[in-house]
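Sequences listed follow chains A and B, in order. My numbering puts the first residue of the first sequence at 1, with every later residue one more than the last. My numbering puts the first residue of the second sequence at 1, with every later residue one more than the last.
Any given hint might turn out to be false.
[Claimed, not checked] Among the chain A residues that face chain B by a calculated CB cut under 8 Å, a handful are:
1. Asp160
2. Glu163
3. Arg167
4. Glu178
5. Asp204
[As the list claims (entries may be wrong)] Simulated pairs of lysine-lysine, BS3-like, Cα-Cα distance not exceeding 27 Å:
6. B:Lys147 x A:Lys16
7. B:Lys96 x B:Lys138
8. B:Lys204 x B:Lys221
9. A:Lys86 x A:Lys181
10. B:Lys96 x B:Lys3
11. B:Lys204 x A:Lys16
12. A:Lys16 x B:Lys3
13. B:Lys147 x B:Lys221
The hints are simulated quantities; they were obtained by calculation from the structure and are not laboratory data. Every residue, glycine too, gets a C-beta built ideally from N, C-alpha and C.
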Amino acid sequence: MMQDFLEISGLTDVGKVRQFNEDQIGIDAETGTVLVADGMGGHHAGEVASRMATDMIMADLHARIDQLGPGAGSITPLYAADQAIKRANRAVFAASQTQTAYHGMGTTLALAIFHDNNVVLAHVGDSRIYRLRGNVLQLLTRDDSMLRDQVDLGFISAADASESHNRSLVTRAIGAAENVKVHLRDERVLPGDIFLVCSDGLTDIVEERDIELILSSLRTNLPLACLHLIQTAKDNGGYDNVSAILVRVLERFPAGQRSRFLAWLRSLFN
Amino acid sequence: MAKLVLSAGGTVVHQCFVDQLRVTIGRDSNNQIVIEDPTVSRVHAAILQVGNDHIVEDLSSAAGTFVNGERIPRRILQHGDVMDFGTHILRYLNPKAEESELDRTMLIRALPKIPDQASQPLAATVGDAQVNTARATKVHLPSGRVKALAGARSGTQIELDRVVAILGTPDEQLAVITRRPQGYFITHVEGASYPQVNGILLDKEAHPLRTGDVIEVADEKLEFWQD
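Based on the provided sequences and hints, a complete structural model is requested.
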């Protein structure tokens with residue numbers, strides 16, 4: 001299924017300073033779904049929040065695989081992503097309200113679902129999604145962060161952002177409130193595109209020009225590219241947990257192909 | 001909590017914590033920090049608190065606002081920064097801002113007036129006026145180069161001044177040289193056959209490079225050199 005059209009490689013690492021890894025990655029080659037979650041909260045709560053959200057969302061989307069895509073079901077992947085994230089938000093929030101140890105926990109999220117020559121991008125917080133097309137890296141998400149707001153409101157210049165102490169302050173998270181607003185978009189993909197889904201442990205410490213160079217240089221070896229991203233973050237200090245998932249689009253994946261396959265698959269059971 | 005220390009001629013004349021969202025500095029007596037100096041404007045500058053940041057902003061003063069000797073319209077203050085106001089010096093102290101605890105992701109209330117930009121157009125490409133959020137790293141990296149002895153680039157020298165450099169021919173045989181704090185490493189990237197260093201085939205692992213090593217990858221033969 002989607003594994004015929006995509007190549008996926010992902011890594012998560014505790015870094016060099018932290019004791020626990022509160023990042024969580026999810027990869028489902030069958031549905032063409034990848035996600036990164038960066039948990040926050042005291043003791044192990046951050047880990048709990050990111051794991052809860054990851055497990056719930058991945059399971060939710062996997063269960064809906066044959067509903068996704070035109071002709072296959074009644075919901076769009078965009079809607080499915082939004083609903084799955086909101087369900088996870090309610091669950092994490094409920095847990096944080098009912099158990100003292102989990103009070104105040106939450107998680108960022110960056111999610112990509114590949115479908116019908118498109119990709120649904122969803123995010124909350126400061127985990128990011130980039131696309132390398134040709135040799136050009138482009139950021140496809142806008143951080144929910146104090147730093148980003150500061151720049152957009154003109155408090156500081158974009159060039160001065162690296163001097164800020166606000167890089168870890170997110171303005172939106174999963175599990176922080178009863179409801180969450182999710183940033184969603186649906187983008188066309190082209191064969192050869194490489195998508196990077198990552199936590200701020202990478203982008204806080206590795207300049208985008210270096211990420212761009214690593215991805216364009218090592219595009220034919222995704223596991224090695226992934227390793228280099230993590231390694232560079234750690235070489236630069238590794239202050240935070242660091243996660244990166246790379247997805248390369250191998251060829252077009254028209255909806256029809258998947259729908260036909262699903263129809264055939266279903267016919268076996270009917 | 002951040003602290004401001006005002007001194008003149010080496011003597012501390014006033015000090016206070018930055019406990020308000022906006023602290024103004026000037027000659028007028030209703031500023032939080034009053035500087036009695038004729039070259040200082042009545043309301044000269046302000047220090048704003050935004051999240052963990054304190055931002056000093058010049059308020060169109062006649063003499064200008066200087067941080068560490070540089071005239072600035074606006075600047076994020078760093079622990080130990082010194083601002084000049086006429087004969088007075090205002091020092092910003094915030095040792096906590098240096099701590100790694102700030103790296104821990106935390107939730108904060110958004111600044112007002114940020115529209116939901118879920119459907120905004122794509123951000124600019126790298127190199128344009130994109131927000132540079134990566135911090136400046138204090139890592140010391142080695143400096144090295146390879147000299148092409150044979151192949152398409154024969155006779156040329158390639159500086160290894162970026163995080164990675166690719167050698168070889170795509171679809172045939174590629175190797176990557178990685179620049180790390182502990183030195184340079186070479187790793188096989190693609191191709192059925194592996195590159196050689198000093199006549200020995202590489203395996204899948206990264207292999208450290210030393211001055212004088214001869215690398216053979218695709219039709220290229222290169223000598224490695226590190227300062």
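Identify every previously stated hint that the structure contradicts and give their numbers, smallest first. Violated hints (numbers, rising): 4, 6 and 12; every other hint is consistent with the structure.
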